[in-house]
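Heads up: the protein sequence lines correspond to chains X and W, in order. Position one of the first sequence corresponds to residue 1 (the working numbering), numbered consecutively onward. Position one of the second sequence corresponds to residue 1 (the working numbering), numbered consecutively onward.
Keep in mind that the hints were calculated from the coordinates and are not lab data. Where is the CB? At the ideal position from N, CA and C, for every residue including glycine.
With the Cβ distance kept under 10 angstroms, some of the chain X side facing chain W (calculated, not the full set):
#1 211
#2 233
#3 237
#4 241
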Amino acid sequence: VLSDINRIVKETQMLCGTLGAGPSSRDEAYRIWDELSRKAATLDYYLEEVNSGNVPQSSLQDLVEDMSFHLRESRNVLTETITTGQYQHIVNGCEHPLVDNEMGKLLVGNEFVTVPLIVKNEVIGVILADNAYSEKPITEESIEELSMFSVPAALAIEKANMLQVFEEKVKELEKAYIALEKTHDMLIRHEKLAAIGEVSAHLAHEIRNPLATIGGFAKSIPRKYEDRTRTVRNAKIIVQEVKRLENILSNVLDFTKTGIPNKVLSDINRIVKETLSVMEDQAASHNVIIVMDITEEKLEAKFDVPQIKQVLINVVQNALNAMPNGGVLKIKTGWCDEDVCVTVIDTGIGIPEEYRENIFDPFFTTNGSGTGLGLSISQRIIQNHNGKLEIKSKKGEGTTVNIVFPVS
Amino acid sequence: MGEQKKILIVDDEINQGLLYEQELSDEGYDVDVVNSGEKALNSINQSSYDLVILDIGMPDMNGLETLGRMLSVNNKIPVILNTAYPSYKDNFMSWAADAYVVKSSDLTELKEKIRESLEKKK
Chain X
1 VLSDINRIVK ETQMLCGTLG AGPSSRDEAY RIWDELSRKA ATLDYYLEEV
51 NSGNVPQSSL QDLVEDMSFH LRESRNVLTE TITTGQYQHI VNGCEHPLVD
101 NEMGKLLVGN EFVTVPLIVK NEVIGVILAD NAYSEKPITE ESIEELSMFS
151 VPAALAIEKA NMLQVFEEKV KELEKAYIAL EKTHDMLIRH EKLAAIGEVS
201 AHLAHEIRNP LATIGGFAKS IPRKYEDRTR TVRNAKIIVQ EVKRLENILS
251 NVLDFTKTGI PNKVLSDINR IVKETLSVME DQAASHNVII VMDITEEKLE
301 AKFDVPQIKQ VLINVVQNAL NAMPNGGVLK IKTGWCDEDV CVTVIDTGIG
351 IPEEYRENIF DPFFTTNGSG TGLGLSISQR IIQNHNGKLE IKSKKGEGTT
401 VNIVFPVS
Chain W
1 MGEQKKILIV DDEINQGLLY EQELSDEGYD VDVVNSGEKA LNSINQSSYD
51 LVILDIGMPD MNGLETLGRM LSVNNKIPVI LNTAYPSYKD NFMSWAADAY
101 VVKSSDLTEL KEKIRESLEK KK
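Only chain W is shown next, with the shape it has when bound in the complex:
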């Protein structure tokens, strides 16, 4: 099928990070987790990722700011916003992402969007 896709998860909640790491590794992806926007930008610089999953509600640099900075460095990388807040959909910055998923215990939608974004990238 091709090499394993590398996904970067950015979420300040440790346990959320662990959940996504577990679930997405099970799906066959190579997963890295960081817990801040700052660390995410560093990771992007150091490794090449096929997809970034970005939480919005983070202290210091929130997800949308991180998104902006990320795109100015590399605008080819697909980003999925994964957040507990549905209201950021109104913020036009969020439209720069490839998808907007509201966090839920059901990861079906997130997994679907991941598949779609990776398909498009090919």
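So here's chain X without its partners, still in its complex pose:
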């Protein structure tokens, strides 16, 4: 209630009655004085009483709350106090030209004083006080006391007002933040959709080619089925392309599976050797020399054997793809602190700086064919093993892939 004064005065140019404190009648006044003289009560006690609602609202409050004056259109002692910023001591209230009927409702006797509430050189309200029932004349001393009281009162009102403004600003910020979060989520969703759009375009291409081949050859077979060599060749090609489609499908499905690892204690060195023997022929056809830097003793850890094999095959495959005209492929195993470490180094074409961020993106590929899912699946597998898959590369010099995961 008090905090409204400031803003209302500034924003609406209206001076609104906000607080009326005092006895409603002479009888009540006597009763209060009686109580005060008997009880040695403190200010704290009375504040407690007010806060717990034990003090009934004064009828003066109702009167005051109904009152308002337009600072430009009305002219009375209250508005004068606001506009001049000076206190007004009136002794002949009944006859005073600046005491209108409206204001008059507040007065019991003839004498009253108004004191401005000032904060930082700005008038934010006015206090009107009188000695309605004691009928004591208002002294210079009491006007001074009232003025002194007005200072902390004005500050308290200003503070309360600031607090309210602050709370409103916080609410606004909270709303803005929620709206921002929603926009952020929406942007991420759109980005994902756009990514899916891109991805499906690439995937469509990956599927369309084999389909065109399969369909084309299948259609041609009935036309010249008597040519055995040709028919057999075409049928074999169809089988090849179907296998390719199945591969694409299982890659895509692998990618969407959560693939919770089935961890079993195994020897990493053995797995590496097995992987290399599978890739041997392909390496030879690429003119790639394989160098193994593998520890003699077992390198045992708990991991999902088929999954880690898949990762190794993928990484070695990428290395071979990067060396179409030959090179050296080095595989190193060992301990990195307490973790198992497998490093694959190639002397291939390397990864250009501009693709560095994209290499783990699903469906990202620079070699034309292949689904481009390999690295993203591999990374996910290693992450599911609480490990890290890191890649260092320089265009033209080669790539190093570091796979690290804990023993259990």
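Could you slot chain W onto chain X? The hints should help.
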């Protein structure tokens, strides 16, 4: 009807190349297949072709780049883009080709465009 028309097929997918070679030979054309843009440019320099069928999605030099290089050497030769990607139609480089066909198992459209381009050339 005249001599046999010579067609050069450029596609990095071996099996696709085999398919077109088979089908177009059956149609009576003399067909050569290469699997890269680089090799295609070499072939153009070495022999004279009546038509080139160009795939777009190839590693190293893609079809549109190959097209550009080809036209700078010989801009009289008709080129048909034959690709699994429909989206390159928006790329103005593709408009330099005589036709744009999206790969499908049904080769009717491709064969039609080949006939049209060869007619025009006459």
